[in-house]
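Peer 1: Residue strings, one per chain:
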Amino acid sequence: MLILKLILRNAFRHKLRTVLTIVSITIAILAFGLLRTVVSAWYAGVAASSASRLITRNAISLVFPLPISYKDKIRQISGVKTISYGNWFGGVYIEEKNFFANFAVEPSTYLDLYPEFNLTPDETKAFLHDRKGFVAGRKLADKYSWQIGSLVTLKGTIFPGNWDFVLRGIYRGKDKTIDETQFFFHWDYLNETMKKMAPRRADQVGFYMIGVTRPELAADVAVSIDSTFKNSLAETLTETEKAFQLSFVSMTEAIVTVIEIVSLIIIFIIMAVVANTMVMTTRERIGEYAVLKTLGFGGWHIAVLIFGESLLITLLGCLLGIASTFPTAHAFGESMGTFLPVFNVETKTVALDFIAALSVGLVAAVIPVRRAIGIRIADGLRRIG
Amino acid sequence: MAIPFSYSMRNLLTRRLTTVLTAGGMALVVFVFSTILMLSDGLRKTLVETGSYDNVVVIRKGSSTEVQSGIEREQANIVETEPEIAIGRDGRKLLAKELVVLINLPNKDGDKPSNVIIRGINSSSVPLRPQIRLVEGRLPRPGSTEIVVGRSIYRTFKNVGINESVCCGLRNWRVVGIFDAGSTAFSSEIWGDADQLMQAFRRPVYSSVIFKLRDPVKFDTIKSRIESDPRLTLDARRETKYYLDQSEVMAKFLKILGFSLTLIFSIGAVIGAMITMYAAVASRTQEIGTLRSLGFRRRSILAAFILESLILGFIGGFVGLFIASFMQFITISTINFQTFAELAFSFVLTIENMIQAMAFSLIMGLLGGVLPAIRASRMNIVEALRTV
Chain A
1 MLILKLILRN AFRHKLRTVL TIVSITIAIL AFGLLRTVVS AWYAGVAASS ASRLITRNAI
61 SLVFPLPISY KDKIRQISGV KTISYGNWFG GVYIEEKNFF ANFAVEPSTY LDLYPEFNLT
121 PDETKAFLHD RKGFVAGRKL ADKYSWQIGS LVTLKGTIFP GNWDFVLRGI YRGKDKTIDE
181 TQFFFHWDYL NETMKKMAPR RADQVGFYMI GVTRPELAAD VAVSIDSTFK NSLAETLTET
241 EKAFQLSFVS MTEAIVTVIE IVSLIIIFII MAVVANTMVM TTRERIGEYA VLKTLGFGGW
301 HIAVLIFGES LLITLLGCLL GIASTFPTAH AFGESMGTFL PVFNVETKTV ALDFIAALSV
361 GLVAAVIPVR RAIGIRIADG LRRIG
Chain B
1 MAIPFSYSMR NLLTRRLTTV LTAGGMALVV FVFSTILMLS DGLRKTLVET GSYDNVVVIR
61 KGSSTEVQSG IEREQANIVE TEPEIAIGRD GRKLLAKELV VLINLPNKDG DKPSNVIIRG
121 INSSSVPLRP QIRLVEGRLP RPGSTEIVVG RSIYRTFKNV GINESVCCGL RNWRVVGIFD
181 AGSTAFSSEI WGDADQLMQA FRRPVYSSVI FKLRDPVKFD TIKSRIESDP RLTLDARRET
241 KYYLDQSEVM AKFLKILGFS LTLIFSIGAV IGAMITMYAA VASRTQEIGT LRSLGFRRRS
301 ILAAFILESL ILGFIGGFVG LFIASFMQFI TISTINFQTF AELAFSFVLT IENMIQAMAF
361 SLIMGLLGGV LPAIRASRMN IVEALRTV
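Residue numbers (our numbering), protein chains in the order written: chain A, 1 to 385; chain B, 1 to 388.
Excised from the complex, chain A in its bound form (with noise of 0.2 Å):
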């Protein structure tokens, strides 16, 4: 108990030097946190793909398309319950920072293989109905301010063009870890209009997605997908929605290793001024190091003391950092918008805040230990200041 107390009073001894090193952890533990949460938002379109969708496209890369005959050959491939097809539009709304997914699909099928998307029966008939419809996400519509049946112009910078639109529903995401910015509308619109202006680019879709009756038949159904069309004019490549998606992550890979390793670097910052302020304390505090010891403690004792103050200065400011983690992320990921859709904190998060901050104080603590241990009596009792 008596070491509980005088650890805390030590700690505050120095008040201002006490803040001042629990605002920086807090700072660092905040900075620390919001990067590893950049981190898992781009894996967030891996963490909320489903294992039991498969998307079909070309072999040669994604910018080739593929016919619309496969559609009823995937259909035979048994195993294969629901098809969807789509083309990635890449329109853009006014200018081009402006910048959200938009997709071209069949609508029916792909409002049944996507249930995490929540639209009212009234919003999903509207939509089926008219050609012209389209759905935006919650947080897309909001952006833009669109309501039900507002009038959207997307200019096409695949498909030449302007393109206009009506909103007919705006879906909600399942969950939070549900994107709800995307943007999608009738395929037939696009492929009616392509039938008139570039025949030569009408009747071919970008991507198939498929469901399959059970998610332990994806593989097979992958493979014999792929077989179907091997040695045909446009060969195909099949893999799980987690796989293809996770194949657009390894190829940012390079800016993913970038923030992790920044965020390991704060670390080491904090390090050093917990460290500095832990030395500047045992310095001085030297000459009582030595009148314990001539009282009798041990060198354990003392050690306790030094680690103990050092903990709960980092623990402090990693609570104070956590706690202040969860408003900043949310105003980050509002500001964000559609650039990293989904910006949640994860519990992995907090869980490395506090490994991270455990750290930190044990480390910082090491050589004032080292120091204050080692110190003769005579010694320590001779130094002043």
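Derived from the structure by calculation, the hints contain no laboratory data. Quick reminder that beta carbons are idealized off the backbone N, C-alpha and C, glycines included. Do not rely on the hints blindly, as some may be mistaken.
Stated by the list, open to error - The calculated label-pair distances, taken between Cβ atoms and stated as ranges, are:
no., chain 1, residue 1, chain 2, residue 2, range
1, B, GLU248, A, GLY161, 52 to 62 Å
2, A, ARG382, B, PHE259, 42 to 52 Å
3, A, LEU295, B, SER283, 24 to 34 Å
4, A, ASN98, B, TYR7, 53 to 63 Å
Said to hold, decoys possible - Restricting the straight-line Cα-Cα distance to at most 30 Å, the calculated cross-link-like pairs of lysine-lysine (DSSO-like) are:
no., chain 1, residue 1, chain 2, residue 2
5, B, LYS158, B, LYS45
6, A, LYS176, B, LYS252
7, B, LYS255, B, LYS93
8, B, LYS45, A, LYS143
9, B, LYS61, A, LYS97
10, A, LYS348, B, LYS255
11, B, LYS112, A, LYS73
12, A, LYS97, A, LYS242
13, A, LYS132, A, LYS196
14, A, LYS132, B, LYS61
15, B, LYS252, A, LYS97
16, A, LYS155, B, LYS252
17, B, LYS45, A, LYS242
18, A, LYS176, A, LYS125
19, B, LYS255, A, LYS143
20, A, LYS230, A, LYS174
21, B, LYS255, A, LYS155
22, A, LYS155, A, LYS143
23, B, LYS241, A, LYS97
24, A, LYS97, B, LYS223
25, A, LYS155, B, LYS241
26, A, LYS230, B, LYS158
27, A, LYS97, B, LYS158
28, B, LYS112, A, LYS195
29, B, LYS255, A, LYS176
30, B, LYS112, A, LYS71
31, A, LYS242, B, LYS158
32, A, LYS196, B, LYS61
33, A, LYS196, B, LYS223
34, A, LYS230, B, LYS241
35, B, LYS252, B, LYS112
36, A, LYS242, B, LYS112
37, A, LYS97, B, LYS255
38, B, LYS61, A, LYS155
39, B, LYS108, A, LYS230
40, B, LYS158, A, LYS155
Once you have looked at the hints, place chain B on chain A.
Peer 2: Then chain B, alone, in the frame of chain A:
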């Protein structure tokens, strides 16, 4: 009268561990600050050097990159008739009708596939890009299924060495050469014969038309002629601008990320410096009293302590920059958000970056030192001397 410089210097030397820890914290912040500046400058430099000022890129109206674009053969032929196009040594026009598509290639480490630009070229393509230099092998023969790969591609991807082959579009494309285009985006591309690639990929249209101007100032004339021609739905841009535009999103992303990070980090380091300087002032109260009674002014005391923290900042900045300068040996290869294709670029340390990073570090030192220094200068002589 000013307190000698050596006083501040020696004070830092006495408490070596504290000095090292404080300056170390600052050095890490400067390191992060300058590497991110270096990264976004490297990206920009790569894409700026890719374009030539007197080259013009023509792509479909509304498209922002060659991959999105499509130009019909007739349209390309109309562009070819423009009189402003320069003539090459062989008497033919310096104009290339090119095809640009993405293919998936497996990465050297871990087989992870990534998107790579494959460019269909014709005989004018190489003369149009003076940066291109063959390192090994030869250029592909026109009309053959041979390809040459850029040096960054050769380093990053599998099966692209000489005489190996890349398989796509039901054909095998044999690698016959490796070219180096310096630190430009072309180093991250694969080149092959345009007509062969168009057939294999069943894409009967070109992606872009690139030509050299006979006279660089004629750009506006030809631009307005191409863009107002009712037979063409095309956009003309200077090649320099075309590539600079591609760096925009990524460079902005890196800048925002970098600045917000270093801002947060620097608060930590400033506090670290502040703690150190407060402790320095507190443990030297008597000394300050002595100095004052010897006749040194408050101003000199203030200056001495600020100088001390500026030295801390300088050491931090110097060490941080020193470590960061080694990052120039590293090349990063990642997907450019705008073209959706792999692009290799390196960290570039410019004089401006060095000045910015150094100034940043000195400001951190100054901010950390100002309050403690003011406290030191305000001390009462008698009380300061009396403290034990």
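Peer 1: Determine for every hint whether it applies to the structure shown.
Peer 2: Status of the hints after comparison with the structure:
1. A hinted range of 52 to 62 Å is violated for the C-beta pair GLU248 (chain B) and GLY161 (chain A), which are about 24 Å apart.
2. At about 51 Å, the CB distance of ARG382 (chain A) to PHE259 (chain B) agrees with the hint of 42 to 52 Å.
3. Taking 24 to 34 Å as the suggested C-beta distance range, the pair LEU295 (chain A) and SER283 (chain B) conforms, at roughly 26 Å.
4. Judged by the Cβ atoms, the range 53 to 63 Å given for ASN98 (chain A) and TYR7 (chain B) holds: they are separated by roughly 59 Å.
5. Restraint check for LYS158 (chain B) and LYS45 (chain B): the C-alpha separation of about 27 Å stays at or below 30 Å, so the hint holds.
6. Of the pairs offered as hints, the one joining LYS176 (chain A) and LYS252 (chain B) holds, with about 28 Å between alpha carbons and a cut-off of 30 Å not exceeded.
7. Simply put, LYS255 (chain B) and LYS93 (chain B) have alpha-carbon atoms about 41 Å apart, too far for the 30 Å limit, and the pair is violated.
8. Restraint check for LYS45 (chain B) and LYS143 (chain A): not satisfied, since their Cα atoms lie roughly 34 Å apart, outside the 30 Å limit.
9. Between LYS61 (chain B) and LYS97 (chain A) the alpha-carbon distance is near 18 Å, which keeps this suggested pair within the 30 Å criterion.
10. Between the alpha carbons of LYS348 (chain A) and LYS255 (chain B) the distance comes to roughly 28 Å, so the proposed pair stays at or under 30 Å and holds.
11. For the proposed pair LYS112 (chain B) and LYS73 (chain A), the alpha carbon gap of about 29 Å is at most 30 Å, so the pair holds.
12. As the CA atoms of LYS97 (chain A) and LYS242 (chain A) are separated by approximately 28 Å, the hinted pair is consistent with the 30 Å bound.
13. The suggested pairing of LYS132 (chain A) with LYS196 (chain A) holds, with an alpha-carbon distance near 16 Å, which does not exceed 30 Å.
14. The hinted pair formed by LYS132 (chain A) and LYS61 (chain B) meets the criterion: a straight-line CA distance of about 24 Å does not exceed 30 Å.
15. With a CA separation close to 11 Å, the supplied pair LYS252 (chain B) and LYS97 (chain A) stays within the 30 Å bound.
16. With a C-alpha separation of about 23 Å, the suggested pair LYS155 (chain A) and LYS252 (chain B) falls inside the 30 Å cut-off, and the hint holds.
17. For the given pair, LYS45 (chain B) sits about 35 Å from LYS242 (chain A) by alpha-carbon distance, which is inconsistent with the 30 Å threshold.
18. Between LYS176 (chain A) and LYS125 (chain A) the alpha-carbon distance is near 25 Å, which keeps this suggested pair within the 30 Å criterion.
19. Proximity of LYS255 (chain B) to LYS143 (chain A) is assessed by CA-CA distance (about 24 Å); at most 30 Å being required, the pair is judged to hold.
20. Taken as a hint, the LYS230 (chain A) and LYS174 (chain A) pair is broken in the structure, with Cα atoms around 38 Å apart against an allowance of 30 Å.
21. The hinted pair formed by LYS255 (chain B) and LYS155 (chain A) meets the criterion: a straight-line CA distance of about 28 Å does not exceed 30 Å.
22. Taking the CA atoms of LYS155 (chain A) and LYS143 (chain A), the gap is near 18 Å; set against the 30 Å cutoff, the hint holds.
23. Taken as a hint, the LYS241 (chain B) and LYS97 (chain A) pair is honoured in the structure, with Cα atoms around 18 Å apart against an allowance of 30 Å.
24. Distance hint between LYS97 (chain A) and LYS223 (chain B) is fulfilled; the C-alpha atoms sit about 25 Å from each other, no more than 30 Å.
25. Between the alpha carbons of LYS155 (chain A) and LYS241 (chain B) the distance comes to roughly 21 Å, so the proposed pair stays at or under 30 Å and holds.
26. In summary, the hint linking LYS230 (chain A) to LYS158 (chain B) is supported, as the alpha carbons are separated by about 22 Å, within the 30 Å threshold.
27. The hinted pair formed by LYS97 (chain A) and LYS158 (chain B) fails the criterion: a straight-line CA distance of about 35 Å is larger than 30 Å.
28. Of the supplied pair hints, the one linking LYS112 (chain B) and LYS195 (chain A) is violated, its CA atoms being roughly 37 Å apart against a limit of 30 Å.
29. Restraint check for LYS255 (chain B) and LYS176 (chain A): the C-alpha separation of about 29 Å stays at or below 30 Å, so the hint holds.
30. Proximity of LYS112 (chain B) to LYS71 (chain A) is assessed by CA-CA distance (about 28 Å); at most 30 Å being required, the pair is judged to hold.
31. Restraint check for LYS242 (chain A) and LYS158 (chain B): the C-alpha separation of about 24 Å stays at or below 30 Å, so the hint holds.
32. Proposed proximity of LYS196 (chain A) and LYS61 (chain B) is supported: the alpha carbons are some 18 Å apart, at most 30 Å.
33. Note on LYS196 (chain A) and LYS223 (chain B): the hinted pairing holds, with a Cα-Cα distance of about 29 Å set against a maximum of 30 Å.
34. Taking the CA atoms of LYS230 (chain A) and LYS241 (chain B), the gap is about 42 Å. The hint is violated against a cut of 30 Å.
35. Proposed proximity of LYS252 (chain B) and LYS112 (chain B) is supported: the alpha carbons are some 27 Å apart, at most 30 Å.
36. A distance of roughly 14 Å separates the Cα atoms of LYS242 (chain A) and LYS112 (chain B); the hinted pair therefore holds under the 30 Å criterion.
37. Only pairs whose Cα atoms come within 30 Å are accepted, and LYS97 (chain A) paired with LYS255 (chain B) is accepted, the gap being roughly 16 Å.
38. For the proposed pair LYS61 (chain B) and LYS155 (chain A), the alpha carbon gap of about 11 Å is at most 30 Å, so the pair holds.
39. Distance restraint check for LYS108 (chain B) and LYS230 (chain A): the Cα-Cα separation of roughly 25 Å lies within the 30 Å cut-off, and the hinted pair is therefore satisfied.
40. Simply put, LYS158 (chain B) and LYS155 (chain A) have alpha-carbon atoms about 38 Å apart, too far for the 30 Å limit, and the pair is violated.
The earlier numbered hints that this structure contradicts are 1, 7, 8, 17, 20, 27, 28, 34 and 40.
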